[in-house]
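Protein chains in written order, with the working numbering: chain P, 1 to 231; chain X, 1 to 363.
Certain hints may be false.
[As the list claims (entries may be wrong)] Calculated lysine to any residue pairs in the SDA-like style (CA-CA distance at most 20 angstroms, straight line):
id	chain 1	residue 1	chain 2	residue 2
1	P	Lys-202	P	Glu-12
2	X	Lys-106	X	Thr-60
3	P	Lys-47	P	Glu-118
4	X	Lys-127	P	Ala-230
5	P	Lys-123	X	Asn-42
6	X	Lys-351	X	Arg-267
7	P	Lys-202	P	Ala-230
8	P	Lys-123	X	Glu-84
9	P	Lys-42	X	Arg-49
10	P	Lys-123	X	Thr-60
11	X	Lys-106	P	Trp-137
12	P	Lys-42	X	Ile-48
13	P	Lys-202	P	Pro-177
Just so you know, these hints were derived from the structure itself, not from any lab.
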Amino acid sequence: MTFFSLTPEEWEAVRLSLKVATVAMIASLPVGIAVAWLLDRKEFWGKSLLNGIVHLPLVMPPVVTGYLLLLTFGTKGPVGAFLAQFGIVFAFRWTGAALACAVMGFPLLVRAIRLSIEAVDTKLEAASSTLGASALWVFLTVTLPLTLPGIIAGMILCFAKAMGEFGATITFVSNIPGETQTLPTAIYTLTQVPGGDAGALKLTAISIAISLGALLISEFLARRAVQRIAA
Amino acid sequence: MSLSIDVRHRLGSFELEAAFASAGGITAVFGASGCGKTSLVNIIAGLIRPDFARISVGDTVLVDTARGIDVPPHQRRIGYVFQEARLFPHMTVESNLAYGEWFTPKAQRYAARTQILDLLGIAHLLKRRPRDLSGGEKQRVAIGRALLASPRLLLMDEPLASLDAARKAEIMPYLERLRDEVKIPIVYVSHSVAEVMRLATDVAVLSQGKLAAFGPAAEIAQRLDLVPDDEREEGGVIIDMQVAAHDAGFDLTRLASGAGDIYVPGRLGPEGTPARVRIRARDVMLALEEPRNISALNILRGTVAEISSAGPSSVNVRLDCGGAAVVARITRHSASAMGLAPGTPAFAVVKAVSVSGPTAEPH
Chain P
1 MTFFSLTPEE WEAVRLSLKV ATVAMIASLP VGIAVAWLLD RKEFWGKSLL NGIVHLPLVM
61 PPVVTGYLLL LTFGTKGPVG AFLAQFGIVF AFRWTGAALA CAVMGFPLLV RAIRLSIEAV
121 DTKLEAASST LGASALWVFL TVTLPLTLPG IIAGMILCFA KAMGEFGATI TFVSNIPGET
181 QTLPTAIYTL TQVPGGDAGA LKLTAISIAI SLGALLISEF LARRAVQRIA A
Chain X
1 MSLSIDVRHR LGSFELEAAF ASAGGITAVF GASGCGKTSL VNIIAGLIRP DFARISVGDT
61 VLVDTARGID VPPHQRRIGY VFQEARLFPH MTVESNLAYG EWFTPKAQRY AARTQILDLL
121 GIAHLLKRRP RDLSGGEKQR VAIGRALLAS PRLLLMDEPL ASLDAARKAE IMPYLERLRD
181 EVKIPIVYVS HSVAEVMRLA TDVAVLSQGK LAAFGPAAEI AQRLDLVPDD EREEGGVIID
241 MQVAAHDAGF DLTRLASGAG DIYVPGRLGP EGTPARVRIR ARDVMLALEE PRNISALNIL
301 RGTVAEISSA GPSSVNVRLD CGGAAVVARI TRHSASAMGL APGTPAFAVV KAVSVSGPTA
361 EPH
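Next up, chain P with everything else stripped away, as it sits in the complex:
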């Protein structure tokens, strides 16, 4: 049963991928909700610019995004050098992989949440304020719960994007086994060496299983959330 047993390196790639995708998804969620809310509900100077920047990773070649991240967050980049003083390093670390995945998944997260916020009936928010809720409480008790289906959908999209992210990751943090080698980069490496086919196929199967599982879970959660808030 060699097909079903993974080498320690392959296991490491699976574990790392899950860790990177989960961290990317959770860390970008609060920012994603805030940006989605700003873009949908507020008018401010530079709104179009913010909207453009958020969506840029969706349309730019991932390699370009990865290279820009390297320039900014690399050890010699302006932000990277600054953060390095506090011991926070992204370049060639798994945290960098998570950052790259978060940036790549961010537009998908924001889009899904923004659509959901747009669908929230502002009349319910007005009702909430007449009942004594301040703007923050209105958001926490009415807007946010009613946005839940969109948040779930956005999180899963972000997670899936992170699981599959290749270009930006390999450019920014390279392909270091045990540190930055995620499933896609591990598969890529295996296909480049003789006799790596079996390993590549196993990891491919695992990729499919994880993606499918994530989709099913999100479907289930989203349906429950929709049922809860259905008027």
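Please arrange chain X on chain P, whose structure you already have, making use of the hints.
Structure of chain X alone, referenced to chain P:
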């Protein structure tokens, strides 16, 4: 508690301008759709920021643009019952009801939960979700939610408009109890003559953004010229009376007032219970001599006070009956044949079954 409103606000080409003050009870804001009723209540609630306004409830100033006072909506403590209940779909009825209560500081809570649940008949709905409620139930829960926040003022924007006649009839008695048992001022927006005349203490009539008339309901009711054309048949007077006796044999209640006695079907409560009756002008007949051997039970003696035109072929004749007014809509032909003129003594004849009173007690 008193309520004082003075508002000027421009919305595009539409200008809203209204000022009135009421001592309490239900102030009905009446007018055709598009006359600015909802804008007015939204300004009171703080959901629209007006160009100019001075609004106070009791001693509390909510808005005074001249003095730069503008209490934010969540601090106004105004209970707002919207036309479409607006219950929170992600919460149970119980959580919806508790929502406003939770945001009200303990020292300012006066609403008694069990009493309100009982008043509105919603205690059995607590575990349900809004989507499982009927339209009438939703509206009652929405009223309960607003009341449980212990508001200083209750705003009701066409709370019955989205309901059918049966549901309306179901909620009406709750609204009457609300008026009589909850001692906060209520602003009640409606375009229905029947609702306004049944519930209101004072009436503000809005027409194209301007205040066309304001006064006690009984006075405004006599102004049949204020009734919009599509509700023409509903025009009539209201008389505030008291239950005098109930005839169990025929199941009739005798009501008494300065105007004389009026019989209405059913039992309306113990002696002394206040009861407002509405008599539509089209249901009133006039006679110069006291009619005998006639099936109509209610015959009120009075004097013609005013005759005004009600169209090409009809007139409204206002009779002064012991201080109360009764208006009859009769043909111009009859008025002329009877020689009616101000000062003519006459009898108003009304069938007991065409008098609308409060809902009778169930048998």
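Against the structure, the hints come out as follows:
The hinted pair formed by Lys-202/P and Glu-12/P meets the criterion: a straight-line CA distance of about 14 angstroms does not exceed 20 angstroms. Using a Cα cut-off of 20 angstroms, the hinted pair Lys-106/X and Thr-60/X holds, with the two alpha carbons roughly 19 angstroms apart. A hinted pair counts as satisfied when its Cα atoms are at most 20 angstroms apart, and Lys-47/P with Glu-118/P qualifies at roughly 16 angstroms. Simply put, Lys-127/X and Ala-230/P have alpha-carbon atoms about 16 angstroms apart, close enough for the 20 angstroms limit, and the pair holds.
Proposed proximity of Lys-123/P and Asn-42/X is supported: the alpha carbons are some 12 angstroms apart, at most 20 angstroms. Our distance criterion of 20 angstroms between C-alpha atoms is met by Lys-351/X and Arg-267/X, whose separation comes to about 17 angstroms. Our distance criterion of 20 angstroms between C-alpha atoms is broken by Lys-202/P and Ala-230/P, whose separation comes to about 42 angstroms. Restraint check for Lys-123/P and Glu-84/X: satisfied, since their Cα atoms lie roughly 10 angstroms apart, inside the 20 angstroms limit.
A distance of roughly 18 angstroms separates the Cα atoms of Lys-42/P and Arg-49/X; the hinted pair therefore holds under the 20 angstroms criterion. Simply put, Lys-123/P and Thr-60/X have alpha-carbon atoms about 26 angstroms apart, too far for the 20 angstroms limit, and the pair is violated. As the CA atoms of Lys-106/X and Trp-137/P are separated by approximately 18 angstroms, the hinted pair is consistent with the 20 angstroms bound. Between Lys-42/P and Ile-48/X the alpha-carbon distance is near 17 angstroms, which keeps this suggested pair within the 20 angstroms criterion.
Taking the CA atoms of Lys-202/P and Pro-177/P, the gap is near 17 angstroms; set against the 20 angstroms cutoff, the hint holds.
Hint compliance for this structure: hints 7, 10 are not met, and every other hint is.
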